[in-house]
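Asks: The residues making up each chain are set out below.
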Amino acid sequence: MDLETALHVATELAGAIWVTLALAAVTLPLGLILAGLATWARRSRYRALRGVASAYVLAFRSIPLLVQIFVLYYGLSQFAWLRASPVWIVLKDPFACAVIAMSVCAGAYTAEVMRGGLAAVPQGAIEAARALGLSGFKTFLLVTMPIAIRRALPAYSNEIVVTLKSTSLACTITVMELTGVAKDLMSQTFAVIEVFCMVALIYLIINMVLIFLLQQVERWLTPAYQRKPMFAGLRRAAAKRLSSEAVSQKG
Amino acid sequence: MGSSGSIIDLFAWGGDGWTRPLLTGLGVTMACACIGYVLGVVLGLAVAFAKLGHNRWLGAAATLYTTLLRGVPPLLVIFLLFFGTNGALMWVARGFGYTGYIEVDAFTVGVMAVAFVSAAYSSEVFRGAHAAIPVGQFEAYTALGLRPFAGLWTVIIPQMFRLALPGLGNVWIMAIKETTLLSVISLAELMRVVGVAGRTTGQPFVFYGVAALVYLVLVAISSRAFHALETRMRWA
Amino acid sequence: MQKAVKNLLSVLVLAAILCGPAVAQDQAEVRIGTDGGYLPWTSTSPSGELTGFEIDLAKQVCDRMKRSCRFTAQPWEGQIPALEQGKYDILVGGIAITPERQKRLAFTQSYANLPINFAAAKTSSLNGKANWQELKAALSGKTIGVQSGTQSQKFVDNELKGDVTVRLYDNQDSLNLDLLAGRVDAAVAGRSPWIALTRTQQGEPIEILSPNIDFEQFNYLGVGVGGLMRKDEEDLRKAWDTALCELKASGELKGISEKWFGFDVSTKPDAKVCGA
Numbered sequence: 012m013d014l015e016t017a018l019h020v021a022t023e024l025a026g027a028i029w030v031t032l033a034l035a036a037v038t039l040p041l042g043l044i045l046a047g048l049a050t051w052a053r054r055s056r057y058r059a060l061r062g063v064a065s066a067y068v069l070a071f072r073s074i075p076l077l078v079q080i081f082v083l084y085y086g087l088s089q090f091a092w093l094r095a096s097p098v099w100i101v102l103k104d105p106f107a108c109a110v111i112a113m114s115v116c117a118g119a120y121t122a123e124v125m126r127g128g129l130a131a132v133p134q135g136a137i138e139a140a141r142a143l144g145l146s147g148f149k150t151f152l153l154v155t156m157p158i159a160i161r162r163a164l165p166a167y168s169n170e171i172v173v174t175l176k177s178t179s180l181a182c183t184i185t186v187m188e189l190t191g192v193a194k195d196l197m198s199q200t201f202a203v204i205e206v207f208c209m210v211a212l213i214y215l216i217i218n219m220v221l222i223f224l225l226q227q228v229e230r231w232l233t234p235a236y237q238r239k240p241m242f243a244g245l246r247r248a249a250a251k252r253l254s255s256e257a258v259s260q261k262g
Numbered sequence: 054m055g056s057s058g059s060i061i062d063l064f065a066w067g068g069d070g071w072t073r074p075l076l077t078g079l080g081v082t083m084a085c086a087c088i089g090y091v092l093g094v095v096l097g098l099a100v101a102f103a104k105l106g107h108n109r110w111l112g113a114a115a116t117l118y119t120t121l122l123r124g125v126p127p128l129l130v131i132f133l134l135f136f137g138t139n140g141a142l143m144w145v146a147r148g149f150g151y152t153g154y155i156e157v158d159a160f161t162v163g164v165m166a167v168a169f170v171s172a173a174y175s176s177e178v179f180r181g182a183h184a185a186i187p188v189g190q191f192e193a194y195t196a197l198g199l200r201p202f203a204g205l206w207t208v209i210i211p212q213m214f215r216l217a218l219p220g221l222g223n224v225w226i227m228a229i230k231e232t233t234l235l236s237v238i239s240l241a242e243l244m245r246v247v248g249v250a251g252r253t254t255g256q257p258f259v260f261y262g263v264a265a266l267v268y269l270v271l272v273a274i275s276s277r278a279f280h281a282l283e284t285r286m287r288w289a
Numbered sequence: 021m022q023k024a025v026k027n028l029l030s031v032l033v034l035a036a037i038l039c040g041p042a043v044a045q046d047q048a049e050v051r052i053g054t055d056g057g058y059l060p061w062t063s064t065s066p067s068g069e070l071t072g073f074e075i076d077l078a079k080q081v082c083d084r085m086k087r088s089c090r091f092t093a094q095p096w097e098g099q100i101p102a103l104e105q106g107k108y109d110i111l112v113g114g115i116a117i118t119p120e121r122q123k124r125l126a127f128t129q130s131y132a133n134l135p136i137n138f139a140a141a142k143t144s145s146l147n148g149k150a151n152w153q154e155l156k157a158a159l160s161g162k163t164i165g166v167q168s169g170t171q172s173q174k175f176v177d178n179e180l181k182g183d184v185t186v187r188l189y190d191n192q193d194s195l196n197l198d199l200l201a202g203r204v205d206a207a208v209a210g211r212s213p214w215i216a217l218t219r220t221q222q223g224e225p226i227e228i229l230s231p232n233i234d235f236e237q238f239n240y241l242g243v244g245v246g247g248l249m250r251k252d253e254e255d256l257r258k259a260w261d262t263a264l265c266e267l268k269a270s271g272e273l274k275g276i277s278e279k280w281f282g283f284d285v286s287t288k289p290d291a292k293v294c295g296a
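Residue numbers (the numbering used here), protein chains in the order written: chain A, 12 to 262; chain B, 54 to 289; chain C, 21 to 296.
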């Protein structure tokens with residue numbers, strides 16, 4: 012790849028990074044809110060509400076995201092009455108369509124993560140809190156939720172990676188994010204491997220930063236006495252190397 | 054390109070009806086998912102052992118492979134294979150002195166994409182399964198006088214498959230979903246057929262809706278089947 | 021277990037055979053690559069058969085050259101690499117003759133020339149502009165859809181970049197859907213897909229905007245549409261050109277054009293190729 016092409020590729024990709032980040036930045040909180048609602052509904056007293064929430068989680072986890080995006084984007088635009096309604100202001104925009112479809116899908120997956128986290132809360136902790144005289148709400152806020160979040164975080168960081176990857180599908184409805192731009196660059200410049208490596212590296216870096224941030228949240232939520240030192244693995248490796256060096260010096 | 058006509062006309066069997074093309078598309082989807090998945094699981098097993106083995110370079114390569122394939126969007130992998138495979142294959146063939154044209158069609162690209170991604174995920178599943186096998190099993194086959202390879206093949210790998218079954222079920226469902234992405238490289242699988250049908254009839258909602266239902270059913274059947282398999286394996 | 025392993029192995033072998041790279045066929049046949057989704061140039065019926073203006077034309081040419089031809093539909097994006105690597109001998113599919121493409125590849129003489137047109141809703145304020153300058157002014161700030169990798173995209177990049185929001189589409193059908201839905205204010209393409217669209221019931225609310233963007237005013241757009249081939253296929257190119265000369269002289273090309281477009285898109289015989 013010559014310098015001119017490399018510069019062209021780099022500028023195109025730089026612009027697209029922001030689109031990908033924007034998609035993820037809007038989708039993740041929306042997904043979290045939807046998942047919270049679904050989790051609340053699934054634990055509700057009313058059977059109908061539980062049924063609706065369970066159906067939502069099951070359906071949106073089963074149907075491929077691309078199908079969901081196309082139903083929303085191309086499918087709904089078939090109806091003239093919908094195009095005449097105020098909803099169209101949102102659906103007209105491809106970026107908004109991508110965000111809606113991805114959020115609804117991420118919500119369903121995240122609801123499963125939340126359920127796992129809640130199931131991991133020891134019954135004893137809740138009983139202890141109640142015995143101490145905490146109300147149901149306070150028990151949930153001060154005992155159940157912090158433990159559940161901490162337990163759910165590793166699975167949620169996985170979910171974040173999945174969501175980041177799913178933003179690539181926005182390029183199928185004209186939103187030019189990283190993968191869409193990569194495709195155009197591959198077909199224009201034929202520097203297929205180079206473009207792939209650059210884009211893959213960008214995705215991996217974004218992944219790493221997000222996972223690191225989440226680890227910090229997990230650490231912050233963990234009581235001090237349970238915390239592992241940061242970079243535990245590195246420190247252990249360093250200690251091992253030092254001790255082996257000590258041994259070899261002796262010999 | 055008439056947009057009139059009832060739903061019954063749209064899904065008529067012969068003539069301009071779409072049921073037959075849709076079924077053909079479903080066939081392509083299933084063929085691609087099945088072949089890709091089987092290849093992926095085998096490759097995944099190899100990658101898992103590369104990680105577990107003692108060769109440091111092999112281990113590093115396997116780790117790089119899984120990190121990469123699990124960290125980038127499958128769509129990007131598909132574009133890489135679609136735009137890159139022909140050139141790469143021809144380059145290798147030139148090295149052997151062959152100068153003719155080698156063609157890699159969309160189906161092959163699709164199978165490769167499904168296989169490569171499934172391999173990355175299933176290797177992690179296998180690694181987990183390997184870790185869950187009690188040390189006693191390894192000691193047992195050594196005590197029986199089996200060589201490592203024979204022991205692995207007859208004692209460890211069968212148990213790994215049993216332990217890996219739930220995870221492999223998830224990988225299979227992922228493989229089905231990944232085939233939808235192949236519509237972007239014009240492989241005539243279900244999603245592509247549905248798109249063409251929606252555009253030519255002016256009824257995209259109906260056809261994408263049908264696709265949603267089909268995938269829902271496929272995933273439901275798959276997870277049932279894997280559950281049933283798990284139960285049987287547990288009692289066996 | 022042994023049996024299961026054997027079964028697994030046989031499945032793998034079968035898969036390997038199925039997936040094995042297909043090796044190109046013998047040279048006697050002329051292998052023609054085309055788009056298959058760009059009415060009325062080429063189109064694919066639900067049963068998978070290729071039809072269209074260029075399919076009919078290429079069949080006539082093959083008859084005159086006395087050679088058998090095989091058509092393969094492939095999306096436009098992969099066509100040029102496939103041609104260069106030898107998968108096809110010639111590409112037909114509304115490919116504009118441009119100096120850029122002529123550097124690396126060879127063209128037959130042109131056989132059709134159609135202007136680029138904008139299309140928009142009949143109710144749009146973009147209608148009825150007398151010339152390109154007026155239309156350009158009216159387009160400012162609008163959202164425009166165009167198929168990626170086409171001459172139309174090049175035109176938009178050259179003439180409108182910065183003034184409008186551009187949305188790129190993989191295929192004309194998706195662009196049509198979004199134009200009908202009103203997601204884009206206007207769309208650009210060669211004239212023919214707009215003719216096809218406005219003839220359908222769905223396309224009733226759409227109008228082709230004046231003026232025509234012609235190749236003479238914007239000469240980087242090329243001199244029309246031709247068959248694209250490798251430079252080393254001189255014999256095939258000569259045979260193809262001779263057949264085209266005959267079809268043009270006899271009026272058959274005009275007939276095929278009217279059958280598919282409803283009017284004459286054919287170009288005059290190229291004096292350099294067909295003689296005076």
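Hints were generated in silico from the structure; no laboratory data involved.
Fair warning: there could be bad hints in the mix.
The list that follows gives simulated cross-link-like pairs (lysine-lysine, BS3-like), each with its CA atoms no further than 27 Å apart [stated by the list, open to error]: (1) C:Lys123 x C:Lys162; (2) C:Lys174 x C:Lys162; (3) A:Lys176 x B:Lys230; (4) C:Lys181 x C:Lys156; (5) C:Lys123 x C:Lys149; (6) C:Lys268 x C:Lys292; (7) B:Lys104 x A:Lys176; (8) C:Lys288 x C:Lys274; (9) C:Lys142 x C:Lys86; (10) C:Lys142 x C:Lys292; (11) C:Lys274 x A:Lys103; (12) C:Lys288 x C:Lys162; (13) C:Lys268 x A:Lys103; (14) C:Lys162 x C:Lys292; (15) C:Lys162 x A:Lys103; (16) A:Lys103 x C:Lys86; (17) C:Lys268 x C:Lys279; (18) C:Lys86 x C:Lys149; (19) C:Lys292 x A:Lys103; (20) C:Lys268 x C:Lys149; (21) C:Lys279 x C:Lys251.
Far from chain C by the CB rule (all over 10 Å, computed), these chain A residues [to be verified]: (22) Asp13; (23) Leu43; (24) Pro105; (25) Gly144; (26) Ile158; (27) Ala166; (28) Val172; (29) Met187; (30) Phe223.
Beta carbons are placed, not taken as given, at the ideal position from N, Cα and C, and that holds for glycine.
Asks: For each hint, tell me whether it holds in the structure or not.
Replies: Quick rundown of the hints versus the structure:
Among the hinted pairs, C:Lys123 with C:Lys162 is inconsistent with the structure: their alpha-carbon atoms are about 35 Å apart, more than 27 Å. Straight-line distance between C-alpha atoms of C:Lys174 and C:Lys162 comes to about 18 Å, which keeps the hinted pair within the 27 Å bound. This hinted pair checks out: A:Lys176 and B:Lys230 have alpha carbons roughly 14 Å apart, not beyond 27 Å. Between C:Lys181 and C:Lys156 the CA atoms are separated by roughly 11 Å; this keeps the pair inside 27 Å, and the hint holds.
In summary, the hint linking C:Lys123 to C:Lys149 is not supported, as the alpha carbons are separated by about 36 Å, beyond the 27 Å threshold. For the suggested pair C:Lys268 and C:Lys292, the alpha carbons sit about 14 Å apart, so the restraint of at most 27 Å is met. Proposed proximity of B:Lys104 and A:Lys176 is supported: the alpha carbons are some 25 Å apart, at most 27 Å. In summary, the hint linking C:Lys288 to C:Lys274 is supported, as the alpha carbons are separated by about 10 Å, within the 27 Å threshold.
For the given pair, C:Lys142 sits about 48 Å from C:Lys86 by alpha-carbon distance, which is inconsistent with the 27 Å threshold. Among the hinted pairs, C:Lys142 with C:Lys292 is inconsistent with the structure: their alpha-carbon atoms are about 43 Å apart, more than 27 Å. Distance check on the hinted pair: C:Lys274 and A:Lys103 sit about 42 Å apart at the alpha-carbon level, beyond 27 Å; violated. For the proposed pair C:Lys288 and C:Lys162, the alpha carbon gap of about 38 Å is over 27 Å, so the pair is violated.
For the suggested pair C:Lys268 and A:Lys103, the alpha carbons sit about 46 Å apart, so the restraint of at most 27 Å is broken. At roughly 43 Å between alpha-carbon atoms, C:Lys162 and C:Lys292 are farther apart than 27 Å, so this suggested pair is violated. Our distance criterion of 27 Å between C-alpha atoms is met by C:Lys162 and A:Lys103, whose separation comes to about 14 Å. Of the supplied pair hints, the one linking A:Lys103 and C:Lys86 is violated, its CA atoms being roughly 53 Å apart against a limit of 27 Å.
With a C-alpha separation of about 15 Å, the suggested pair C:Lys268 and C:Lys279 falls inside the 27 Å cut-off, and the hint holds. Taken as a hint, the C:Lys86 and C:Lys149 pair is broken in the structure, with Cα atoms around 49 Å apart against an allowance of 27 Å. Note on C:Lys292 and A:Lys103: the hinted pairing is violated, with a Cα-Cα distance of about 51 Å set against a maximum of 27 Å. For the hint linking C:Lys268 to C:Lys149, the alpha-carbon distance of about 34 Å lies beyond 27 Å, and the restraint is violated.
Between C:Lys279 and C:Lys251 the alpha-carbon distance is near 32 Å, which puts this suggested pair outside the 27 Å criterion. Its beta-carbon lying about 16 Å from the closest one in chain C, A:Asp13 satisfies the requirement of being farther than 10 Å from that chain. The Cβ of A:Leu43 sits about 29 Å from the closest Cβ of chain C, beyond the 10 Å cut-off, so the non-interface label holds. The beta carbon of A:Pro105 is not kept farther than 10 Å from every beta carbon of chain C, the shortest such distance being approximately 7 Å.
No beta-carbon of chain C is positioned within 10 Å of the beta-carbon of A:Gly144; the least distance is around 58 Å. Non-interface status of A:Ile158 relative to chain C is upheld: no Cβ of that chain comes within 10 Å, the nearest being about 44 Å off. With a closest Cβ-Cβ approach of about 32 Å to chain C, A:Ala166 is found to remain outside the 10 Å limit, as its non-interface label requires. Listed as a non-interface residue, A:Val172 keeps its Cβ farther than 10 Å from every Cβ of chain C; the least gap is roughly 27 Å.
The beta carbon of A:Met187 sits about 7 Å from the closest Cβ of chain C, which is not more than 10 Å, so the claim that it is off the interface is violated. Every CB of chain C is more than 10 Å from the CB of A:Phe223 (nearest about 34 Å), matching its label as outside the interface.
Violated hints, in rising order: 1, 5, 9, 10, 11, 12, 13, 14, 16, 18, 19, 20, 21, 24 and 29; the structure is consistent with all others.
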